[in-house]
Every structure is written in C-alpha cells, then in structure tokens.
Amino acid sequence: MKPSQRKVMAQHMVSNRNISIKLACMAFGISEKCYRYQAKLNSENAEIADWLVKLTEDEVDWGFGLCYDYLRNVEGFKWNHKRVYRIYCELPLI
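So in the working numbering, spot 1 of the sequence shown is number 1, and the numbers just go up one at a time.
Keep in mind that the hints were calculated from the coordinates and are not lab data.
Heads up, a few of these hints could be off.
[Unchecked claim] Straight-line C-alpha distance at most 27 angstroms; calculated DSSO-like pairs for lysine-lysine: (1) Lys-7 with Lys-82; (2) Lys-22 with Lys-33; (3) Lys-2 with Lys-33; (4) Lys-40 with Lys-2; (5) Lys-78 with Lys-40; (6) Lys-7 with Lys-33; (7) Lys-82 with Lys-40; (8) Lys-54 with Lys-33; (9) Lys-7 with Lys-22; (10) Lys-82 with Lys-2; (11) Lys-40 with Lys-54; (12) Lys-33 with Lys-82; (13) Lys-78 with Lys-54; (14) Lys-40 with Lys-7; (15) Lys-2 with Lys-22; (16) Lys-22 with Lys-40.
Throw the hints in and build the complete structure from the sequences for me.
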C-alpha cells in the first residue's frame with residue numbers, strides 16, 4: 001500500500017474516530033512528518049499534462065519516450081524526465 005493511501009486512512013481515523021495523530025500514524029506505519037506534509041502544487045504540472053494529452057491524442061502510437069523527446073527537442077521545454085514521467089503515469093491516457 002502506498003504511503004499516500006496510508007496517510008488518507010490515518011487522516012480518516014483522526015477526523016472520524018477522534019484518535020490522536022500519533023496513534024493513527026503508528027497504526028498505519030507512517031511518520032508524523034508524512035502525515036503533516038502538504039505537497040506544493042506547481043502550475044507547470046497542468047501545462048505538462050495538457051501537452052501530454054494533446055500529444056497522445058494526436059499521435060496515438062506514441063509512448064512516453066517519444067512524447068518526452070518531442071517536448072524536449074522540438075518544443076524546447078527543459079522539464080526533468082522523471083517529473084514528466086510521473087505526470088504521464090497519473091494521466092488516464094489508455
């Protein structure tokens with residue numbers, strides 16, 4: 001189970017069952033730091049997702065590699081491949 005799923009379950013227990021944060025974190029095997037962490041949303045992530053959706057709609061047989069190469073070499077974006085791949089995997093492209 002992903003840590004993000006365990007975090008959601010711990011948050012549910014704290015809010016609905018009045019269990020302390022410390023006890024919920026111990027029960028689900030996450031640190032309190034993980035429980036309190038708030039990800040910073042970046043506006044570029046939406047732009048990356050839009051590009052990936054557009055490319056996969058236009059070029060149906062393109063996978064991640066061709067999409068990334070196109071964005072990097074043709075469009076000139078300098079986004080990190082790991083970041084683009086993470087967003088690519090989160091999208092319902094198939």
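Can the restraint linking Lys-82 and Lys-40 be considered satisfied, given a maximum Cα separation of 27 angstroms? Given that 27 angstroms is the threshold and the Cα spacing comes to 17 angstroms, the pair holds.
Pair hint outcome, Lys-78 versus Lys-54 [Cα-Cα no greater than 27 angstroms]: 18 angstroms, holds
Measure nothing beyond the straight line between the CA atoms of Lys-2 and Lys-33; if it is 27 angstroms or shorter, mark the hint as holding. Distance ~16 angstroms between Lys-2 and Lys-33 Cα, so the pair holds.
Given the proposed pairing of Lys-7 with Lys-33, does the C-alpha separation stay at or below 27 angstroms? 11 angstroms, holds
Given the proposed pairing of Lys-2 with Lys-22, does the C-alpha separation stay at or below 27 angstroms? 19 angstroms, holds
Check the hint pairing Lys-40 with Lys-54 against an upper bound of 27 angstroms on the C-alpha distance. The hint holds at about 25 angstroms.
CA of Lys-22 to CA of Lys-40, is that 27 angstroms or under? Answer holds: Lys-22 to Lys-40 is near 24 angstroms, not above 27 angstroms.
Just to be careful, I want the Cα atoms of Lys-7 and Lys-82 compared with a cutoff of 27 angstroms; is the pair within it? Status holds; Cα separation ~23 angstroms.
Taken at face value, is the distance from the CA of Lys-2 to the CA of Lys-40 at most 27 angstroms? 19 angstroms, holds
Agreement of Lys-78 and Lys-40 with the hint, judged by alpha carbon distance not exceeding 27 angstroms: 20 angstroms, holds
Satisfaction of hint between Lys-22 and Lys-7, Cα-Cα up to 27 angstroms: Given pair Lys-7, Lys-22 holds - Cα atoms ~12 angstroms apart, limit 27 angstroms.
Does Lys-7 lie within 27 angstroms of Lys-40 when you go C-alpha to C-alpha? 17 angstroms, holds
Of the numbered hints stated above, the single one contradicted by the structure is hint 8.
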